[in-house]
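Chains B and A supply the protein sequences, listed in that same order.
Heads up: the first sequence at position 187 corresponds to 186 in numbering that gives the first Met the number 0, and the numbers run straight through without jumps.
Heads up: the second sequence at position 301 corresponds to 300 in numbering that gives the first Met the number 0, and the numbers run straight through without jumps.
Note that these hints are calculated values from the structure, not bench results.
As the structure is a computational prediction, the values presented were derived from the model and not from experiment.
The C-beta atom is built at its ideal place from N, Cα and C for all residues, glycine as well.
Misleading hints may appear alongside valid ones.
[To be verified] Some, not all, of what chain B presents toward chain A, calculated at C-beta under 10 angstroms:
1. Leu86
2. Met131
3. Gly136
4. Ala222
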Amino acid sequence: MNKARRNWGTTIAAHGVLIAYTIIALFPVFVILINSFKSRKAIFREPLALPDADSFSLIGYQTVLKQGDFFLYFQNSMIVTVVSLTLILLFGAMAAFALAEYRFKGNTLMGLYLALGIMIPIRIGTVAILEMMVSTGLVNTLTALILVYTAQGLPLAIFILSEFMKGVSDDLKNAGRIDGLSEYKIFFRLVLPLVRPAMATVAVFNMIPIWNDLWFPLILAPAEEVKTLTLGSQVFIGQFVTDWNAVLSALSMAILPVLILYVIFSRQLIRGITSGAVK
Amino acid sequence: MAISSNHKFRWHIAVFLAPAVLVYTAVMIYPLFNTLRLSLFSEVDQQRVWVGLQNFRTLFGDALWSDQFWNALGNNTWFFIIHMLVQNPIGVALAAILSSPRLRFSAFYRSAIFIPTILSFVIVGFAWKLILSPIWGIAPGMLDAIGLKFLFQPWLGKAEYALTTLSLVSVWQYVGIPMMLIYAALLSIPDEILEAGECDGITGMAAFWKIKLPLILPSIGIISILTFVANFNAFDLIYAAQGALAGPDFSTDILGTFMYRTFFGFQLQLGDPHMGSAIASAMFGIILIGVCLYLFGIQRRLRNYQF
Numbered sequence: 000m001n002k003a004r005r006n007w008g009t010t011i012a013a014h015g016v017l018i019a020y021t022i023i024a025l026f027p028v029f030v031i032l033i034n035s036f037k038s039r040k041a042i043f044r045e046p047l048a049l050p051d052a053d054s055f056s057l058i059g060y061q062t063v064l065k066q067g068d069f070f071l072y073f074q075n076s077m078i079v080t081v082v083s084l085t086l087i088l089l090f091g092a093m094a095a096f097a098l099a100e101y102r103f104k105g106n107t108l109m110g111l112y113l114a115l116g117i118m119i120p121i122r123i124g125t126v127a128i129l130e131m132m133v134s135t136g137l138v139n140t141l142t143a144l145i146l147v148y149t150a151q152g153l154p155l156a157i158f159i160l161s162e163f164m165k166g167v168s169d170d171l172k173n174a175g176r177i178d179g180l181s182e183y184k185i186f187f188r189l190v191l192p193l194v195r196p197a198m199a200t201v202a203v204f205n206m207i208p209i210w211n212d213l214w215f216p217l218i219l220a221p222a223e224e225v226k227t228l229t230l231g232s233q234v235f236i237g238q239f240v241t242d243w244n245a246v247l248s249a250l251s252m253a254i255l256p257v258l259i260l261y262v263i264f265s266r267q268l269i270r271g272i273t274s275g276a277v278k
Numbered sequence: 000m001a002i003s004s005n006h007k008f009r010w011h012i013a014v015f016l017a018p019a020v021l022v023y024t025a026v027m028i029y030p031l032f033n034t035l036r037l038s039l040f041s042e043v044d045q046q047r048v049w050v051g052l053q054n055f056r057t058l059f060g061d062a063l064w065s066d067q068f069w070n071a072l073g074n075n076t077w078f079f080i081i082h083m084l085v086q087n088p089i090g091v092a093l094a095a096i097l098s099s100p101r102l103r104f105s106a107f108y109r110s111a112i113f114i115p116t117i118l119s120f121v122i123v124g125f126a127w128k129l130i131l132s133p134i135w136g137i138a139p140g141m142l143d144a145i146g147l148k149f150l151f152q153p154w155l156g157k158a159e160y161a162l163t164t165l166s167l168v169s170v171w172q173y174v175g176i177p178m179m180l181i182y183a184a185l186l187s188i189p190d191e192i193l194e195a196g197e198c199d200g201i202t203g204m205a206a207f208w209k210i211k212l213p214l215i216l217p218s219i220g221i222i223s224i225l226t227f228v229a230n231f232n233a234f235d236l237i238y239a240a241q242g243a244l245a246g247p248d249f250s251t252d253i254l255g256t257f258m259y260r261t262f263f264g265f266q267l268q269l270g271d272p273h274m275g276s277a278i279a280s281a282m283f284g285i286i287l288i289g290v291c292l293y294l295f296g297i298q299r300r301l302r303n304y305q306f
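Excised from the complex, chain B in its bound form (with noise of 0.2 angstroms):
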């Protein structure tokens, strides 16, 4: 009786603490979220209030939609983030695969050679990343942005993959060896098939930091023609600072992909952290 009491204490004490921090965490988010749709006198009379008849407005998304082109910047963004994933887990599974299945002379020392990017920043070079990109002209290209990003998130791909790899059954490789097969079918059609949940992972991890980096952006490729969305929102609403309706509409419509893309994948998310798969 009493221990049950107990419990039934510490469980409301949990349930307190949960709650707490939930609407601290999603709190600001709302905010920005319902006064979006508001007009600009009830964004100030009454912040916190839901949008109703009365105060409903979408001045600040049609401003947003005249000024900038947010659908260019979507674009852009999808593109770079789609092509650096495939270009990660493309070259990364190959890698991990030839470090994983074979023994070859120096083999440990590729792997601890490609594990060092894991720790260091690859900001540390942009100086000189700049100076390649310019004189190779690929300055203001969505190329130097792939470039960057596949070269940051391979070496934390392969890590993930080559360990996964390790743990596909050698009697399988073996059995498609004696049946004729090349060592690239036996990659292609046995193993990466076998990996795809970590694949799924090392996807999901590497693309919220592409998604959301401005430094590399502002850097590479600052023309209107080629800005993703993180920088393009920075640029729109550092301009229309005063404009408060166009900065919360422009903030709403940065959030909503990555709030979808996280509703779709946050299952695969929590369930690659919580595998441990970057221990």
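Since the structure of chain B is already known, use the hints to place chain A on it.
Using the frame of chain B, we list chain A on its own:
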């Protein structure tokens, strides 16, 4: 000899490795060392000339530069300390509560608390700037509702509060990561150990301090070094919230913004890639020292328990 036929060059290994190694070397490793090399040059009459360690002498010796550098490094250290003191304990506490057995809605809480982490710094920086703004009045209004209005200050506009406020905003955003990693570590503790503790009368809080905490120390170590590396090359949040000048009066200037200003230039100062490289090299050194301290000092002492 049989060896030569057995050990003929296996082309497929090279083909598998080549793309990754090429991109990684060309875009990451080579520029990294090239940046370190560039820090030893300077530009005189539009010619690149070798100056040895002169840039570093300027950076540490010339008061105009060294004041800024030490200011940025000091601010960066404070930024890191706040993360260690606030973000990681909150993350551990939330994870400990979430991992308690038979807790309902735990998946919901986990996903919701993780949401700020997926947002970009630009969104987070501006959102908090608006909420803390005295013009809009959400923060003073809420403090007023609980009778604490006198506590309100324009936190982001005052030199003595701005850095701490931004650090706390960053903590708010990233609490999800330590929470998730610790949560994973706590789940991997086998039930037998906890049951054995229960038989000896160790339950509840005591079980956390005496059994679980020692077992998750390696994860806390990893989180600390991840936080260190992320903090010492942070840039986006400060830039989004306070601009490249890291105002007010450089009070929120950290190494990332300092390097950006130096390298790219701002207002009247021209960009200087060589001084920028020197600052990048200093950042590289700091991160390297931190990582080495972790690898050789801390990680070796922490026993990894394999279950």
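Status of each hint after checking the structure:
no. : hint   : in the structure
1   : Leu86  : holds, 8 angstroms
2   : Met131 : holds, 6 angstroms
3   : Gly136 : violated, 15 angstroms
4   : Ala222 : violated, 15 angstroms
Hint compliance for this structure: hints 3, 4 are not met, and every other hint is.
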